[in-house]
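Trainee: What follows is each chain in one-letter form.
Number of protein chains: 2
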Amino acid sequence: MTSQQSRTPENPSSENHSPENPSGEPEFGWHKGYLDGPRPDLRVPVRRVHLTGGGSVTLYDTSGPYTDPQVPTDVRRGLAPVREGWILGRGDTEEYEGRPVRPEDDGLRAGARGALRNLDAVFPGGSRPPRRGRGGRAVSQLAYARRGETTAEMEFAAIREGVSPETVREEIAAGRAVLPANVNHPELEPMVIGKRFLVKVNANIGNSAVTSSIEEEVEKMTWATRWGADTVMDLSTGRNIHTTREWVLRNSPVPIGTVPLYQALEKVDGRAEELSWEVYRDTVIEQCEQGVDYMTVHAGVLLRYVPLTARRKTGIVSRGGSIMAAWCLAHHRESFLYENFAELCDILASYDVTFSLGDGLRPGSIADANDEAQFAELRTLGELNRVAKEHGVQTMIEGPGHVPMHKIKENIDLQQEVCEEAPFYTLGPLTTDIAPGYDHITSGIGAAMIAWWGTAMLCYVTPKEHLGLPDRDDVKTGVITYRIAAHAADLAKGHEGAQRWDDALSDARFEFRWEDQFNLSLDPATARSFHDETLPAEPAKTAHFCSMCGPKFCSMKISHGIAEQFGGDAGATPEEVEAGMLKKSEEFAAAGNRVYLPLAD
Amino acid sequence: MTSQQSRTPENPSSENHSPENPSGEPEFGWHKGYLDGPRPDLRVPVRRVHLTGGGSVTLYDTSGPYTDPQVPTDVRRGLAPVREGWILGRGDTEEYEGRPVRPEDDGLRAGARGALRNLDAVFPGGSRPPRRGRGGRAVSQLAYARRGETTAEMEFAAIREGVSPETVREEIAAGRAVLPANVNHPELEPMVIGKRFLVKVNANIGNSAVTSSIEEEVEKMTWATRWGADTVMDLSTGRNIHTTREWVLRNSPVPIGTVPLYQALEKVDGRAEELSWEVYRDTVIEQCEQGVDYMTVHAGVLLRYVPLTARRKTGIVSRGGSIMAAWCLAHHRESFLYENFAELCDILASYDVTFSLGDGLRPGSIADANDEAQFAELRTLGELNRVAKEHGVQTMIEGPGHVPMHKIKENIDLQQEVCEEAPFYTLGPLTTDIAPGYDHITSGIGAAMIAWWGTAMLCYVTPKEHLGLPDRDDVKTGVITYRIAAHAADLAKGHEGAQRWDDALSDARFEFRWEDQFNLSLDPATARSFHDETLPAEPAKTAHFCSMCGPKFCSMKISHGIAEQFGGDAGATPEEVEAGMLKKSEEFAAAGNRVYLPLAD
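Going line by line, the protein sequences match chains A and B.
So the first sequence is numbered by this note's numbering: it starts at 446 and just counts up by one.
So the second sequence is numbered by this note's numbering: it starts at 446 and just counts up by one.
Treat the hints with care, since some could be wrong.
Same chains, same label: a pair holds when it works inside one copy or across any pair of copies.
Think about it this way: if two alpha-carbon atoms lie no more than 20 angstroms apart in a straight line, the pair counts; the simulated SDA-like pairs of lysine to any residue are [claimed, not checked]:
no. : residue 1 : residue 2
1   : K852      : D948
2   : K834      : V520
3   : K854      : G939
4   : K938      : A812
5   : K834      : G570
What the hints contain is simulated information worked out from the structure, not anything from laboratory work.
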């Protein structure tokens, strides 16, 4: 079998390594490989699945150096800064003495005993001085793209997507795609988010329960990316929020997103009315200096929209949205995020932090979907998107929420119109409210549909949605469910690489190559264990039947007989086939009517 | 709170019983209730969920007498024949001496030692003499509907759906709906399948592995209906196939479907070419006499279509389809099912067995979707649908399979056109091939979409699809995933009862009525256990926050504050709300800016 590719172009030359297994899962037959770029310091990681019949299938790889046995990793030291040379080479940024880290940043009382000791231990790997655009200039991929410059980051992402660097540059320049890459996150393996590219998946982590430790959050991040998360949002609240984020960033090969408002609220002890532009801006700068790649900003929640939610079935369900609504009410003033948006743009542009304009008024129930409050805010997000682009800031727009199937198209069509095709980044949407415990499924349905219709990135939902904090298994279930939704959308959008992946697996299935079928699946460990529950013996891995029907009822074996008779080698024309039928059936009878292939031994 | 209804109309009068728990799950707060019909022998079972604040939500109930503590059940005796009076009352059927049960019926050698003893033990409850239409007349719900007769079965189904009996009669008469109800299955609680009604879900069971016992299959059936399966197909093969079916039928409150070809193949020892119309007809009559309500018949697999599959990625994946293809090739003759279809119609009409015309050439991979072979067969199914209706036989059409999202609409639109809107009964469809182990999800996505567009019944897919036989947990996961897909479609079709269910749960969520939220969900046990993992304490069940965000970040609590201020009682107009804002925010400040409700103690 010849080498098949998916989510990447044909591979000119590459190295393969025997697969590593940080997760303790059984052997997957997944091999780390690299696609060479136009320059020696640009090698794009891929996952190679070697087929038992020879050849391999190359898949998009989000797992970072952790799955490369040649690269030693240590979460206490962080990942190598692969982008450093590119950033320095552009010569348009400068190091500066950053904002001093304060005890409050970690939710500790100012001057608390041990606070400073705690801060010394923020990240044992030590942190670099922060970097920003010289004289506060915009150093964003959008600014470069507009000037016609194709960056190394764009080339990297283009190879991953199997498109030309120029295509990536064009989409970013038009505001139809973003490449989130803070100059202070050099460990990043660049990727692009836009409807012209493969649909992406975000996984949320965060220690809102004091229980979960810093190492746990880092481990959740690497676990999520191993199963295919393209970006990770750190939604931590409470203690050690700054420290947790530092560890996550220094160890993350994927873009990291945050909601700065959460940390700002911690700094004012959870009293929304005490929030101020000054506290918020200070928090944003703190996070820009750490290397956060994109930030959710709920600047579309305007004072006059708040009453629109009063008669809703479930009011405001966005944390950020409800916090901003509370602030607006407390002061009876317009949102400080809206009023200071231009200044916020200049800050983000100088670090190349991407906006994820939050939908603070998204519906929290089927009854509230596509209502006046939601669409009023969406139109304001469209206005803010234009302002952000003028300031050279890359921008995504966040979407719902809970939306029944028949209202999904209307929702994304309006977003694409009022936001000038800016990448849509949707949570689900959930297509019904009645299945707590299964909201990865209620939302996976909506996610697949809205991605087919143009959503660029899907925010995963885990089985614990509405009920509790996702554990390691929930994170895996959420990521795989959303990879299914994203891939189903890629197929529906006619992506050739996506189709090749399905074809490779279906070929393996039809040819009873069980090992290949397992290894080509999104979750080989689960596929293999389900198979082995009924047919554990090794021979069953090559048997020309399976436990569902047994030998007598195996339709695929009968099909092989048919294919054999009628030259199913795709060479035969319908006419040849038709003509040969009678003769064939005589041979067939003479041969004892054996339509089954002999069992493999 | 006033009583809310879903999937049923307002309830005139009813009894409630304390809930039983055959499944060993924790207490659900589910209560068996009944809706009175127009006659004393017609009581429609419902599930009542009592709300902590008073009132209840009434839901469609497929679980049969097993969940009624007032009704003693014994699987060795079978269920009470609730339909018997209705069937006898029509006076158009007659008892007759049925076909003698033979050892071969159970896959035993003719005259084998112990064969007869085995047959004596077929079903300890003993079986009635079979019944059929006098002089072989059509005694189908279709025949009655066409004559303008509204049967008790139609009235029963109408009450379940919350529509008028006349609506049910009209849809059946037009061939747009079926009410599968063999006169030899008097234990049945009638239900209707059609796009004007609630979307239904079928669960497959069957002991293809010799391992699973008769009791296990009966238990799988009751388990599946408990979680919401509307019909069950017994796909047993191998030994004790007749006996297993007898036990399942005598204990089933839902319609039972089969694929007679499987048993016929057993009778000729698995040699497809030795099948004959005589063996097949004998098997069909055997199953009609037992009370099978609908039968999958692959009469659309024509000799000339077989070569169309030769160049497919995955050939023929339907067991029945591949068996018939093998037979056609072996004899180079047209299918005996197609050639004897009229006689088959007369047999089914005299027992009121519903056709489920099988799609033997459905695609088994994304690459084969909507191809020439599939659509050629579909057009033949349209022709057979017309013949069946002429003979008074109720008919459904089976659908794919593996179909990418962008080809689903084309698929169902063609089915509705060529089959004159006959109920479509689809397996999934699966929207990608790459996730073995998660095909309940890959197919749940396609199922929700195709149901929204008009599919009347969905055949579930379990996580074991392609890999092994579903166990008890897989059956539950498959049924609940498909209930989600069916309900999401009911919402998208604008079903008011479906919306009331979501509203009831969202009200409970917004009002922090955790117990109600659990009990209103499709799977209270799972929802409760996920919640308790992070907040196990009883007080947490009434806490005005949850473990996701904690008190400080609870958007819903903030929303309550907003709703309180702006008269969120749905009474206030936007103007009143707007006008009151400034004043309100002053009060709000005066009150210490408390947007949070006090915690419940």
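Trainee: Could you work out which of the previously given hints the structure breaks and list their numbers from low to high?
Mentor: 2 and 5
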